[in-house]
Amino acid sequence: DTAVSQTPKYLVTQMGNDKSIKCEQNLGHDTMYWYKQDSKKFLKIMFSYNNKELIINETVPNRFSPKSPDKAHLNLHINSLELGDSAVYFCASSQDRLAGLTFGPGTRLTVL
Amino acid sequence: SQQGEEDPQALSIQEGENATMNCSYKTSINNLQWYRQNSGRGLVHLILIRSNEREKHSGRLRVTLDTSKKSSSLLITASRAADTASYFCATDTPLVFGKGTRLSVIA
Numbered sequence: 033d034t035a036v037s038q039t040p041k042y043l044v045t046q047m048g049n050d051k052s053i054k055c056e057q058n059l060g061h062d063t064m065y066w067y068k069q070d071s072k073k074f075l076k077i078m079f080s081y082n083n084k085e086l087i088i089n090e091t092v093p094n095r096f097s098p099k100s101p102d103k104a105h106l107n108l109h110i111n112s113l114e115l116g117d118s119a120v121y122f123c124a125s126s127q128d129r130l131a132g133l134t135f136g137p138g139t140r141l142t143v144l
Numbered sequence: 750s751q752q753g754e755e756d757p758q759a760l761s762i763q764e765g766e767n768a769t770m771n772c773s774y775k776t777s778i779n780n781l782q783w784y785r786q787n788s789g790r791g792l793v794h795l796i797l798i799r800s801n802e803r804e805k806h807s808g809r810l811r812v813t814l815d816t817s818k819k820s821s822s823l824l825i826t827a828s829r830a831a832d833t834a835s836y837f838c839a840t841d842t843p844l845v846f847g848k849g850t851r852l853s854v855i856a
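Chains as they are written, first to last, in our numbering: chain E, 33 to 144; chain C, 750 to 856.
Hints are computed from structural coordinates only; laboratory data are not their basis.
Check before you lean on any hint, since a few could be wrong.
To be verified - Here are the simulated EDC-like pairs of lysine to aspartate or glutamate, each with C-alpha atoms no more than 20 Å apart in a straight line:
hint	chain 1	residue 1	chain 2	residue 2
1	C	Lys848	E	Asp70
2	E	Lys76	C	Asp841
3	E	Lys73	C	Asp756
4	C	Lys848	E	Asp117
5	E	Lys72	C	Glu754
6	E	Lys76	C	Asp756
7	E	Lys72	C	Asp756
8	E	Lys73	C	Glu754
Let the hints inform the model, and build the full structure from the sequences given.
As structure tokens, then:
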């Protein structure tokens with residue numbers, strides 16, 4: 033049973049397209065996150081939701097829009113994709129903001 | 750944003766040896782966490798140490814925390830080839846991770 037799952041695993045698309053990445057957790061956690069890991073392996077938080085409410089939004093372009101239909105799902109929609117958006121995107125969840133995170137397997141996004 | 754910075758950037762040891770990685774951070778914390786990332790995979794949570802704790806053990810892992818020096822260390826004893834991975838520290842709500850320490854354990 034996968035605790036945090038993401039789809040798709042790989043995403044290759046052209047500049048200017050709009051794409052979505054889906055995330056689901058079956059751990060009953062209250063808090064979910066999106067992280068971006070660039071080619072230099074820096075892992076940086078993008079968003080955090082707690083019980084469907086946005087609590088962290090870290091200087092991310094407004095082309096990125098998270099959506100949380102319920103506390104088990106946190107999807108990431110990206111408009112007008114740019115070359116610099118190429119990275120691995122990780123979804124994660126935790127019971128609360130001070131607990132350890134459980135990460136998904138990542139989605140490798142390549143923008144051509 | 751709080752940030753952990755790991756040192757060294759890369760570490761190569763023989764199987765059976767101990768591996769020590771260090772982490773420094775900048776501001777006061779509630780807790781510090783260590784994660785492992787195997788190549789091409791997501792991060793796996795290893796251990797969380799609270800600011801009022803000085804040492805914590807989990808299997809072959811030993812973590813120390815020195816809040817006066819704003820530093821932590823992760824010790825992996827009797828390393829195995831399967832321990833080969835990148836190791837990251839992060840503080841509180843992990844906002845920003847460092848580049849990690851890339852550990853290679855040679856059989």
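Checklist entry - Any of the earlier hints contradicted here, and which numbers? => result none
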